[in-house]
Amino acid sequence: MPDDLNWAIGGEAGDGIDSTGKIFAQALSRAGRHVFTSKDFASRIRGGYTAYKIRSSVDRVESVVDRLDILVALTERTIDENLDELHEGSVIIYDGERTEMEDVEVPEGMIGLSVPLQRLAEEAGGAIMQNIVALGAACEVTNFPIENLDSALEKKFGAKGESIVENNKEAARKGQEFVDEEYDHEFDYDLETTDSDYVLLNGDQAIGMGAIAAGCRFYAGYPITPATDVMEYLTGRIEQFGGEVVQAEDELSAINMALGAARAGARSMTATSGPGIDLMTETFGLVATSETPLVIADVMRSGPSTGMPTKQEQGDLNMTLYGGHGEIPRFVVAPTNVAECFHKTVEAFNLAEKYQTPVFLLADLSMAVTEQTFEPETFDMDAVEIDRGKVVDEDEVEAWTDEKGRFQPHFSTADGVSPRAFPGTTDGAHMSTGLEHNSLGRRTEDTDVRVEQVDKRNRKVETAREEEDWEPREFGDPDSDNLVISWGSNEGAMREALEFLDEDGVDVRFLSVPYIFPRPDLGDEIEAADEVIVVECNATGQFADLLEHDALTRVKRVNKYNGVRFKADELANEIKESLQTEEVTA
Amino acid sequence: MSSDVRFTDFKSDKQPTWCPGCGDFGTMNGMMKALANTGNDPDNTFVVAGIGCSGKIGTYMHSYALHGVHGRALPVGTGVKLANPDLEVMVAGGDGDGYSIGAGHFIHAVRRNVDMTYVVMDNRIYGLTKGQASPTSREDFETSTTPEGPKQPPVNPLALALSAGGSFIAQSFSTDAQRHTEIVQKAIEHDGFGFVNVFSPCVTFNDVDTYDYFRDSIVDLADEDYDPTDREAAKEKILDADKEYQGILYQNEESVPYSDLHGLDSNMADIPDGAPEGAMDLVREFY
Ligand SMILES: Cc1ncc(C[n+]2csc(CCOP(=O)(O)OP(=O)(O)O)c2C)c(N)n1
Ligand code: SF4
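Just so you know, the protein sequences line up as chains F and C, in that order.
Per our numbering, residue 2 is the first one in the first sequence, and the count goes up by one each step.
Per our numbering, residue 199 is the first one in the second sequence, and the count goes up by one each step.
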């Protein structure tokens, strides 16, 4: 039996699905196994189907597949919802003693384990622990040492007291023993454990962690799925480093507060999702024109309008790239996995301050809510570098003043980057504005100055294009004529798809692009390939459009926009199919 | 902060383009005097301005300043002050800027009680866009967009502030230089959000709420036996729609500003060269 386990717990929202799933994920991670989680959730708090899925292996896992090996079904509907992924030999754990589950029919070829979750939980101290009983049962089925679950329960409930922890352990034991005693079925699973110590976190948390590591001290936001976790992560943590999180009254306020803090010299950030980014749009131009360094994270969800708030999509690329009236120099950076959420956040702060521009961090729901295991060194704090750019102190101010001794915050330099004096700097007092201005920051409609300042601001992008590394990440067969390009969170599924394709004898070169603007020049690569396919989670192919524009050619597109991320096996099939079609169907 | 700062040090060398006679001249002069009188200098002062004739103030003053987008000056000021508590933050704007497009922010800024001063140059009209009704325009005030008057009651900014838990609520008249300066000064000295609604007549587009009108109708609370710490008394005055008051209508002497409540006292601009000490603990939390 392969060591690759696909497990899920599903039920009604409000059944504690999320926290139960997390406990199991943590138990697996603590046993030195890699974990990759995903969620099916509806946009409501009580009622409505919801599931937490875990894929786990001793090898790294970077994606989900269309397969479910063990399902803990707290409702009958959970089985229906997952029918497609269940297969012959799948194990379904359910509580057949509950009246609403009495008539559950386990599909042919699958193994139904009716475990009295509620009764056993009550025996252990309370019905609320029924999910933990199910976890104990899952341990037995998978031959997974239950001590790892104990350790996760200690972490989860430790603060609530010894007796709560003990009751939960007891509940898990009851689930385990029940399966052991009542079913003499030999399960195929034998989950390996290792000595590795992994950390388990999701993309939003990684963004928050990256922000603190990068010296971000001010965060203003307004709650919105799926970006709220960034704010929740920072709350209570950023204060320990002298920072503050403000829950603003709306996104207009959030971005303007963040802008204010940035003007005061703080590394500052806001995060939101679709509708919120719309509201912030007017201020993008002010950030760019006043040359304020600001990191704006857009954790994309399914749009337009309120769309499907709890579903995946990469639909805001054009918004972050073009949003706002007038022409706005900016950077758009798109992390490709959970760890990259950390690294790219740190990078975003450096880019913002070096070039005094807005930097959009374009993440998405799949990455934001996915928990993934990593070696702790992946988040190497010693490697974090801080570049604050051209900040001048009171001794340096004079070099940037005009003949009347006035500081010139928008002095037109060769690289386009001006000196920056934090408020409080002696003799640095100056004005900044969203109006077109001269080097002093004062309003002007002088045609020459206008052109000079626009060129100066755009020059920063050119400088960055030359000075920074915008390379894509490369995988697969470097010599293949089949080129697949994706951006953002599709990287994991695509990397695994390469393995499936390889098994089918299809070789592919894969470029994962973490930068939207500036972006790598892929013209040569595209020209050299016979087939070029761009993979993205949206209907129109916004990134494909960009690449076609850059390379003056047509590319094939694989798009998914039903609200669910790509699955590795599904993606492999789509690519195969796409390679077989003659015409470009863009 | 140097003690020999004069109010003219806050003047930029840019000549205002306000119409001659505009109330904003007096409003600004009073603000500059109040800043100097309270021991501030241009290098520790941050002025945030909105959009409108009033919003041009940042250009005519000399200090660190940001002239933002319409209606969002208060959030910017909030960010500036929280990031660096050593700065004296003054936010200025018009009645349209503050009570129309920015009304939501106004109420929340009042509630948040960040230690800054908010001066609204209330001319009861949109000046910069050439004379449309503003939220403080009278019900029957005829303008280019309301030929028969807005037919809706004006907002009462002081009442909004009081109901939102305002800790310092005042009103002044731009041309009464001494009183106006004194009131703004008190607002600066207040620990928390100091709000001053200033009657700052528009001589070009408003022929109703004129200097003469205010001069004739203003009642100065300094001339009455009035206790600004009495919230009930404040309520009565503020809801009295028939009079125009000058003075501090309400001040909560127990006011604790946001930064104190949240323990913010450091300049957030100061950060280490690399990840902060103890950052690895952030990773270990996820074991
Ligand atoms: C989002 C947005 N909408 C509209 C405008 C146009 N606008 C500029 S100033 C102004 C009104 C200003 O009125 P007020 O705040 O009372 O200031 P005053 O000019 O009277 O001092 C408007 C609507 C704008 N700049 N931005
Ligand atoms: S239009 Fe009115 S508010 Fe604007 S400058 Fe002229 S007088 Fe002042």
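Errors might be hidden in some of the hints.
Claimed, not checked - Calculated lysine-lysine pairs in the DSS-like style (CA-CA distance at most 30 Å, straight line):
{"#": "1", "chain 1": "C", "residue 1": "Lys-433", "chain 2": "C", "residue 2": "Lys-384"}
{"#": "2", "chain 1": "F", "residue 1": "Lys-40", "chain 2": "F", "residue 2": "Lys-568"}
{"#": "3", "chain 1": "F", "residue 1": "Lys-40", "chain 2": "F", "residue 2": "Lys-157"}
{"#": "4", "chain 1": "C", "residue 1": "Lys-212", "chain 2": "F", "residue 2": "Lys-405"}
{"#": "5", "chain 1": "C", "residue 1": "Lys-349", "chain 2": "F", "residue 2": "Lys-391"}
{"#": "6", "chain 1": "C", "residue 1": "Lys-441", "chain 2": "C", "residue 2": "Lys-349"}
{"#": "7", "chain 1": "C", "residue 1": "Lys-209", "chain 2": "C", "residue 2": "Lys-349"}
{"#": "8", "chain 1": "C", "residue 1": "Lys-209", "chain 2": "C", "residue 2": "Lys-384"}
{"#": "9", "chain 1": "F", "residue 1": "Lys-405", "chain 2": "C", "residue 2": "Lys-209"}
{"#": "10", "chain 1": "F", "residue 1": "Lys-391", "chain 2": "C", "residue 2": "Lys-212"}
{"#": "11", "chain 1": "F", "residue 1": "Lys-391", "chain 2": "F", "residue 2": "Lys-405"}
Hints are computed from structural coordinates only; laboratory data are not their basis.
Which of the numbered hints are not met once you compare them with the structure shown?
Result: hints 5 and 7 break, sorted rising.
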